[in-house]
Amino acid sequence: MSAIVKIKGMNKHFGKLHVLKDIDLVVEQGEVVVIIGASGSGKSTLIRCVNGLEEFESGTLEVDSQQVAPNGQSQSVLADIRKEVGMVFQQFNLFPHLTVRKNIMLAPMKVKNTAKVIANATAERLLDRVGIGSQADKYPSQLSGGQQQRVAIARALAMEPKLMLFDEPTSALDPEMVGEVLDVMRELARVGMTMMVVTHEMGFAREVADRVIYIHEGQIVEEGKPADVFDNPQNERTQAFLSRVLAH
Amino acid sequence: MEFQFQFDWQAAINSIPYLAKGIPYTLMISFGGLIIGFVLGIIFGLLSINKKWYLRWPATAYIEIFRGTPILVQVLFIFYGLPDLVGGPIDPLTAGIAAIALNSGAYISEVVRGGVQSIDPGQSEAGLSLGLSRTQTFWFITWPQAFRRMIPPLGNQGIVSIKDTSLFSVIGVGELVRQGQVYIANTFTAFEVYFVVAIMYLAITLSLSLILRLLERRGVASA
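If you read the protein sequences in the order shown, they are chains A and B. Take the first sequence: its position 124, counting from 1, is numbered 124 in the working numbering, and each next residue is one higher. Take the second sequence: its position 105, counting from 1, is numbered 105 in the working numbering, and each next residue is one higher.
Please note that the accuracy of each hint is not assured.
30 Å max Cα-Cα, derived BS3-like pairs, lysine-lysine [unchecked claim]:
1) B/K51 / A/K21
2) A/K83 / B/K51
3) A/K112 / A/K138
4) A/K83 / A/K112
5) B/K52 / A/K83
6) A/K21 / A/K8
7) A/K6 / A/K21
8) A/K6 / A/K162
9) A/K8 / A/K110
10) A/K8 / A/K102
11) A/K16 / B/K21
12) B/K163 / B/K21
13) A/K110 / B/K52
14) A/K138 / A/K6
15) A/K162 / A/K83
16) A/K225 / A/K138
17) A/K112 / A/K21
18) A/K83 / A/K116
19) A/K112 / B/K51
20) B/K51 / A/K16
21) A/K6 / A/K112
22) B/K51 / A/K110
23) A/K16 / A/K162
24) A/K21 / A/K102
Please keep in mind that the hints were generated in silico from the structure rather than gathered at the bench.
Please take these sequences and the hints and turn them into a complete structure.
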């Protein structure tokens, strides 16, 4: 196994707010890392730094053996990295002016120059895989939230990424739709996809994660196997957080 | 003294062929100007939201100058003023097209800016996260959505610009109003002729509204 993400001493501010404090994190290939923490703790910012949607100020970041420099990497290097790193957003961010099929076909055709027939076949295969093969010619607005998020996952998978980032993928969903999205993510984990997942779904974290990371005010204060973190948290911040989220 | 006014239908009908000669000029100036104005609007609208100040400032200056001065002054400046600078006369048609282009371009810049800024940043983040370049993300993802929202205000601007061409009678382009003035000078039938002129403008602007409605509806169907 080799590392796909190496973060060392990463710092970032939003104005005066120190959102990431000396973050050190290595993600191995095939590993599922779940990042938990309170709102505003910096967990989303951390994974958004991995694909360059956010800049960081100091420290080092290496993704798929490519260096991302602090304070803004060149766009071409970032585009190279992003080809290998898929991302799923809280608000889905599907392209509303394109059909589901075209949402999925766009990036392979424009970025990798994949032939249209091949991109189309890939789109159909992925839609089947996420369980919505019959919806290919609908527009995103015609789908439920859960279906939209599954399309978003399929869209990211179409680029055949080595790493998938999930930024609170179920937080905007109605409760009855959370399960269908988590099922797709569970299946991805099972076939060995490397994943970094920011989520409030503690059940999912416990079941699927190889490693759970707890972030508090921009710092990693605890990490370990889910059983250890959830059942026997060492840090009192983690204990307080878990007692709040697991109480209900 | 008894005064009775009667609308002279015959005079109105008689004026139509002469007035109609102005329509091609009105259309040429409006649509010629608007097409160039649209190109200027895209260029300066996008420059006005660029992160680089040395691109943003000149674009903002252009927009403010041409929105902040009357189009009549602009066309007089181009027609009577600019020849001193370029050392030769500028024909009225060219001056009219240039005035509509520069003036509508400033307003369309604002439409473009507003349209582009109204698109959720999450859209371009999604595009970038898939490995698309910034340029690809803009033209494949942001622009088509922004353009759809721009159609109603663009329609407004089109109608305003069509009506603005009536001012160019002052520089002697044979557009609708100019044709009317010349015709009235010979027949003294101001009421009837300006009525027909007004109807002709209305026919042009209503056709444009209709086309834009259809365009919008087609857009909505796929959104």
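- Item | Structure versus earlier hints - violations, ascending order | 9, 10, 11, 14, 16, 17, 23 and 24
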